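If you read the protein sequences in the order shown, they are chains A and B.
Residue numbering for the first sequence follows this note's numbering, starting at 1 and increasing by one per position.
Residue numbering for the second sequence follows this note's numbering, starting at 1 and increasing by one per position.
Just so you know, these hints were derived from the structure itself, not from any lab.
Remember, predicted model here, so these are calculated numbers, not experimental data.
Here a beta-carbon is modelled for each residue, glycine too, at the ideal position from N, C-alpha and C.
One or more of the hints may lead you astray.
Computed cross-link-like contacts, SDA-like style, restricted to lysine to any residue with a CA-CA straight-line distance of at most 20 Å [to be verified]:
1) A:264 <-> B:357
2) A:111 <-> A:215
3) B:126 <-> A:43
4) B:126 <-> A:414
5) A:116 <-> B:302
6) A:116 <-> B:398
7) A:264 <-> B:309
8) A:116 <-> B:70
9) B:34 <-> A:220
10) B:34 <-> A:264
11) B:34 <-> A:45
12) A:108 <-> A:213
13) B:120 <-> A:45
14) B:274 <-> B:230
15) B:274 <-> B:295
16) A:108 <-> A:74
17) A:116 <-> B:384
18) B:126 <-> A:74
19) B:126 <-> B:145
20) B:379 <-> B:369
21) A:116 <-> B:352
22) B:126 <-> A:41
23) A:111 <-> B:397
24) B:403 <-> B:366
25) A:116 <-> B:357
26) B:240 <-> B:271
Only some residues are given here: those of chain B computed to face chain A with a beta carbon under 7 Å [stated by the list, open to error]:
27) 15
28) 20
29) 24
30) 26
31) 27
32) 28
33) 186
34) 191
35) 343
36) 347
37) 358
38) 388
39) 391
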Amino acid sequence: MTPREFLGQFVLTFNDVVLYYFGTLNAFYIILFLVSLYEVVRYVRRTFFSDYEQILRSEMTWPISVIVPAHNESRTIVETIRSLLSINYGQFEVIVVNDGSADDTLQKVVKTFELKLTDRIYRRTLPTGDVRGIYASLEIRNLLVVDKVRGGKADALNTGINVSRYPLYCSVDADSIIEDNALLRVVKPFMEHPDEMVAAGGIVRIANGCKVRDGRVVEIGLPRRMLPIYQVVEYLRAFLSGRIGWSSLRSLLIISGAFGLYRKSEVIAVGGYDRWSQTEDLELVLKLHESLRRQKRRYRIVFVPDPVCWTEVPSKFRVLARQRNRWHRGLVQSLWRHRRMMFNPRYGVIGWVAMPYFVLFELFGPFVEILGYVTVLLAWILGLLNLDFFLLFLIFSIFFGIFLSISAVLLEEISFRRYPGWQHLAMLVLAGVFENFGFRQLLSLFKVKAFWDYLWRRKTWGRMEREGFRQAPPPAARPSSAAPVTSAPR
Amino acid sequence: MGGMMYSERELLIIVIIGTIALLSTITLLIVLNKAWREAREAIARRRRRILEPDVFRYVGAADTRTIREFLALPMSNGDSRLVEGILLDMAALVKGESRDRITAACEAVGLVARTIEGLKSRRWWKRAESAEKLGVMRSQQAVEPLVQVMNDPMGEVRIRAARALGLIRGSTSIRPLVLALADPSRWSAIRVAEILIGVGEDAVQELLQGYDSLPQHARVSVLDVLGRIRTPRAASLLRKALKDPNDDARARAAHAMGLIADPLFTDDLIGALKDGHWAVRAQAAKALGRMDARKAIPPIAALLGDREWWARSNAGDALRVLGPPGREALVKSLDAADIYARHQAVSQLQEGGIIDEYVSDLGSPETARREAAVQFIRKVIALQRIDHLSQQAVEHTQASVRKALLGILKRVPEGAS
């Protein structure tokens, strides 16, 4: 066999593999979408009367420690703390962990909230970096600021867990905004299944384009630039079509680090967050699954689609590339570390479905896609390309991609309807179409690069450059229709 | 095999056409759903503006005319639903006679009867919605059907029925509520408990009578409810529960005693400070603090050295709120043999602002006060809890205090943090 023949054979075989791969992947997507559709409708029906007022008033509602790791968050930290202190919840404490910020994050917080250094005693249940001081206020009794040496986000979260007092804790990113009722909504599964609940995650929505006042999103809008709009659709797809589906299959592997509620004792039992991990949130959930399944415990790790956390996403390709690079490296790390769960009957659906899905489609999917483009080129050079079939396949894959995006918009439209205007709907549909021409391919490239970086042990956090939220004008200058998010039409 | 065989190309074209058709359908569905919803909402808003004044006139009227005499009849189904909606919205806002008129209107237009029928729906969410609405209507006609729904297989329906019964009140509705505390869902039990707390003293007799027949987790809820109703009638039950073999029951009984705050509970709670389970000790300490039981200060101070953090923390909290004698006990605890007790004392003295008072005394013109402050601060420093003092040494408003404090801190032993 000549090298040319060998290459030709390889290209043809690969093309066959890609066809089967593509078919299986899309079958997965359709199943996930259908399961999500069923779950969303069910969820909306279940919540036609809200019980949040009762959860809020009840003395029996579990208190929550909100832990906010902060590193160089001087621009937004004060607004974030104010917003957290004013959320609707009975008993809660806010613990800000200043993780060795090089800017004036700590000074700003201490000055604004008139904090004093205290000698608070706490149990050092999880090993962490040195704590330099704990600040508290006599005025705001539920605010605590821990100043520690730089140790990374995982270390900061572990420190927060050590200092926290309550049985549940909620991790919140310092640059995110959680809605007033988000804690009430996310705690509900814990109230309904107190013996089984271990963790619950909420939906993360994109704040670019929204107007923010006093740490609250007061007007929902879409970003002006296309890159963040594509991410709006991507997030809708990931949360409404993906996580709802995985959650109902009891195989949710990711709870976003921006907003998640955990039972503290379970997290401590698995050793807390791992400092070495690039994506400590994914790693923690995988550890919990592995440990609980090994113990043959009945447990729940769920996704609640209603509690909303607003966060800013990259609006520059460079920043997006760094962010996705870190996420994908974290995925590789964690899947490799928990590889023993794959096809292991002890881990049930997670071992047989979720882990193989993540390895096959999330981890290697980008390689298959990029290699697919290369082999098409090779096939064309070698004169093996069936142009007619190729074009038809391309058309099909593009339309199917659009179908998946538009399906996510449909889920949003029949359930939560956070984007109220016709112009929002039109933009989302258009973005669902256009993201298939470049954006998704670019994400695949970023992921391939991340895998390469992982193999060469390149580690960077992928610092997010933020533009800050769009500030809404003061109330007097605003029309009276400017309602807070919580009263937005549902 | 007479079926048609398709080539790969043809198959792909069919799949593409199918995908495009599906995509178009979904897009159309999104648009139509939004348009339909917005149109309906707009029409309902317009009709509601027309119907509302008539309903308002009926509710505010002082005569015996029924609601039918205020409305332009016959009404379309859509208008009937709107009138029902207006009545239910108003029911949540008004009280007294107006409230009764709304109940009468709901009965007169057949809304109560229709909603009771809804309790038999095959769809659980319809049953839940009906139960919720009947609670808002508060018609006595609904009590019996709601009691029956308390056995519904869906928890969400049972809880709505329980809430409705709680709103309607009346002795017939209390017993099923007490039994509903046994619901396996903690959330359901919490909601039922909240309803019973809202009922108040009227629910106490049923709670006391039902206690022994309930499962353990429901008994715990009963103890909570009795505590939050703050009824002295529960005294003997709480004393019995404080000796229950179940740890949770004892802890809740201690908590409930603290809420009721009857001084007669003091000795029982002092005894509970020596309970074998930390939660009971912690709750007993908290309860004694809440009751302002000065007699309990020595045993609470002893609890500062407890092996469990929560028991120490609650003991410290209790001493802090027990006024000057409690503070004094905390200051004395700085000399305790147990390191945990000493650290807890510092923490509480700091949180209560007592350390700051001593620091300010460093600038006092009275020598005795200054010396007492120096002695006190040295004890705190000896415990290596100097973060707060160090900050005061820099930030205190009085220069003389800063200087004195710095002087004491300079003699800090190695290793203090």
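Mind checking the alpha carbons of residue 108 of chain A and residue 213 of chain A for me, to see if they're no more than 20 Å apart? At roughly 19 Å apart (the allowed maximum being 20 Å), residue 213 of chain A and residue 108 of chain A satisfy the hint.
Sort out whether residue 271 of chain B lies within 20 Å of residue 240 of chain B, counting only the CA atoms. Roughly 13 Å separates the two Cα atoms, so the pair holds.
Keeping to a limit of 20 Å between CA atoms, is the pair of residue 116 of chain A and residue 398 of chain B held or broken? holds, 17 Å
Are residue 116 of chain A and residue 357 of chain B close enough, with their CA atoms no more than 20 Å apart? holds, 15 Å
Regarding the pair residue 34 of chain B and residue 45 of chain A, is the alpha-carbon distance no greater than 20 Å? Since the Cα atoms of residue 34 of chain B and residue 45 of chain A sit roughly 18 Å apart, the hinted pair holds (cutoff 20 Å).
Checking one constraint from the list: CA of residue 379 of chain B to CA of residue 369 of chain B, max 20 Å. Satisfied? holds, 15 Å
Does the nearest C-beta of chain A fall within a distance shorter than 7 Å of the C-beta of residue 391 of chain B? holds, 4 Å
For the hint on residue 388 of chain B, just tell me whether its beta-carbon gets within less than 7 Å of chain A. With Cβ-Cβ at 5 Å, under 7 Å, it holds.
Does residue 34 of chain B pair with residue 220 of chain A here, judged by a C-alpha cut-off of 20 Å? holds, 18 Å
Regarding the hint that residue 347 of chain B lies at the interface with chain A, is the smallest CB-CB distance below 7 Å? holds, 5 Å
Straight-line alpha-carbon gap residue 126 of chain B to residue 414 of chain A, limit 20 Å: Satisfied, since the Cα-Cα distance of roughly 19 Å is no more than 20 Å.
When the nearest CB of chain A is found for residue 343 of chain B, is that gap smaller than 7 Å? At 5 Å from the nearest chain A Cβ, residue 343 of chain B passes the 7 Å test, so the hint holds.
Taken one by one, the earlier hints fail for this structure at numbers 1, 5, 8, 10, 14, 18, 29, 32 and 37, listed in ascending order.
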